[in-house]
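No gaps in the numbering here: position 19 of the sequence shown is 19 in the working numbering, and each next residue is one more.
Hints listed in this document are in silico derivations from the structure and should not be mistaken for laboratory results.
Be a bit skeptical, because a hint or two may be false.
Unchecked claim - Straight-line C-alpha distance at most 30 Å; calculated DSS-like pairs for lysine-lysine:
1) 195 to 268
2) 114 to 268
3) 53 to 190
4) 56 to 190
5) 176 to 161
6) 117 to 253
7) 232 to 143
8) 143 to 239
9) 268 to 161
10) 56 to 183
11) 195 to 253
12) 287 to 47
13) 195 to 56
14) 179 to 195
15) 60 to 184
16) 60 to 247
17) 190 to 176
18) 114 to 53
19) 53 to 99
20) 161 to 239
21) 183 to 161
22) 195 to 53
23) 161 to 232
24) 239 to 253
25) 114 to 99
26) 56 to 117
27) 99 to 190
28) 60 to 268
29) 114 to 247
30) 253 to 287
31) 195 to 287
32) 47 to 99
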Amino acid sequence: MKSIFGFFVFFFSIQISLGQQQNRIQVAVLGTFHFGESSDYASISRKDIMSRKSMKEINKLVSDLATFYPNKIFVENTPDTQGLWDGVYADYRKGLEPKNPSILVNEVFQIGIKLAKQINDPFGVICVNYTPPEQNGGLKQAKTGLDTIYTVYSNMLQNRKPEIGRFFQENPMADKEFKSYLKKNDEWSKLSLEKHLLAMNETSSINSLHYLNITAWMDQNPNGIGAELTAKEYLRNAKILQNVLHKLNPYDKRVLIIIGAAHVKPLKDMIEAHPLLEFVPIEQILKK
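Turn these sequences into a full structure, and let the hints steer you where they fit.
Printed below as a string of structure tokens:
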């Protein structure tokens, strides 16, 4: 009850503040590919992301994002990794880059941490990702009866979920859309990094990723759980936005979310429907 009361006090304070300022919190979402290793079925990346040329392009991207001057920078890592990234940021402010190659190449460092330093953010990045319980300790992490029930349910869905390769074989429409997207990305990878990301964030692109990652499961309804698999993906994005909301305060004017491009559309839809938030298309920042 105490946490629920605190939640409403928090939002009431925001409403009072925003009512006085006549402004909503601007939320920009930068959809990206994962710079380093990824558990995605087909990893979308660029060659030589750590080359001198790529570093110049990353620096330009960071400088352009800095013009938005976000009060908070949210990234796609789970909250339990916050201490790690706090340490990375503290070292980077002292001029020390990560020695761990997987951390060094990660977009959280290359974009998020570098941006935080450029705008002299006192805290660095804030981790808001959510992973399903079967990927995050399962029943060992369950704190309530509801956690236990959902963990069992999520595991049952995962066990009945078809292997991705087989899913595409049995869903020609999704397979065609997937191959088309990969072909487009091959062309985008020939562009500068900033133009590549702009292409990934275009409406047609985020719609395609939304279909492939979320709603395509309902086409063939594999093992009778198509809608359940779709709902599971929506829940993940709702959990991510919930983590963002609970880190906002009445003094925030602009925030940036750096996240895999497949998350952009569901986040965009929820942000646009929220009375206290204003969605800012990333092209408004990068094309200035």
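Hint-by-hint comparison with the structure:
Distance check on the hinted pair: residue 195 and residue 268 sit about 20 Å apart at the alpha-carbon level, within 30 Å; holds. The hinted pair formed by residue 114 and residue 268 meets the criterion: a straight-line CA distance of about 25 Å does not exceed 30 Å. At most 30 Å may separate the alpha-carbon atoms for a hinted pair to count; residue 53 and residue 190 meet this at roughly 13 Å. Between residue 56 and residue 190 the alpha-carbon distance is near 15 Å, which keeps this suggested pair within the 30 Å criterion.
Proposed proximity of residue 176 and residue 161 is supported: the alpha carbons are some 20 Å apart, at most 30 Å. About 19 Å separates the Cα atoms of residue 117 and residue 253, which keeps this hinted pair within 30 Å; it holds. Only pairs whose Cα atoms come within 30 Å are accepted, and residue 232 paired with residue 143 is accepted, the gap being roughly 20 Å. For the hint linking residue 143 to residue 239, the alpha-carbon distance of about 16 Å falls within 30 Å, and the restraint holds.
Annotation: proposed proximity of residue 268 to residue 161 holds, straight-line Cα distance about 27 Å (limit 30 Å). For a cut-off of 30 Å, the pair hint linking residue 56 to residue 183 stands: about 26 Å separates their Cα positions. This hinted pair checks out: residue 195 and residue 253 have alpha carbons roughly 26 Å apart, not beyond 30 Å. For the suggested pair residue 287 and residue 47, the alpha carbons sit about 24 Å apart, so the restraint of at most 30 Å is met.
Between residue 195 and residue 56 the alpha-carbon distance is near 14 Å, which keeps this suggested pair within the 30 Å criterion. Restraint check: the Cα-Cα separation between residue 179 and residue 195 comes to about 21 Å, which is no more than 30 Å; the hinted pair holds. Pair hint residue 60 plus residue 184 holds up; C-alpha atoms about 23 Å apart against a cutoff of 30 Å. A hinted pair counts as satisfied when its Cα atoms are at most 30 Å apart, and residue 60 with residue 247 qualifies at roughly 28 Å.
Annotation: proposed proximity of residue 190 to residue 176 holds, straight-line Cα distance about 22 Å (limit 30 Å). At roughly 17 Å between alpha-carbon atoms, residue 114 and residue 53 fall within 30 Å of each other, so this suggested pair holds. As the CA atoms of residue 53 and residue 99 are separated by approximately 21 Å, the hinted pair is consistent with the 30 Å bound. About 21 Å separates the Cα atoms of residue 161 and residue 239, which keeps this hinted pair within 30 Å; it holds.
Restraint check for residue 183 and residue 161: satisfied, since their Cα atoms lie roughly 26 Å apart, inside the 30 Å limit. This hinted pair checks out: residue 195 and residue 53 have alpha carbons roughly 14 Å apart, not beyond 30 Å. Simply put, residue 161 and residue 232 have alpha-carbon atoms about 12 Å apart, close enough for the 30 Å limit, and the pair holds. A distance of roughly 22 Å separates the Cα atoms of residue 239 and residue 253; the hinted pair therefore holds under the 30 Å criterion.
Distance hint between residue 114 and residue 99 is fulfilled; the C-alpha atoms sit about 16 Å from each other, no more than 30 Å. A threshold of 30 Å between alpha carbons decides the hint, and for residue 56 with residue 117 the separation of about 16 Å falls inside it, so the pair holds. Using a Cα cut-off of 30 Å, the hinted pair residue 99 and residue 190 holds, with the two alpha carbons roughly 29 Å apart. Under the criterion of a C-alpha separation no larger than 30 Å, the hint pairing residue 60 with residue 268 is consistent with the structure, at around 25 Å.
Note on residue 114 and residue 247: the hinted pairing holds, with a Cα-Cα distance of about 21 Å set against a maximum of 30 Å. Between residue 253 and residue 287 the CA atoms are separated by roughly 21 Å; this keeps the pair inside 30 Å, and the hint holds. Taking the CA atoms of residue 195 and residue 287, the gap is about 10 Å. The hint holds against a cut of 30 Å. A C-alpha spacing of about 21 Å is found between residue 47 and residue 99, which places the hinted pair at or below 30 Å, so the restraint holds.
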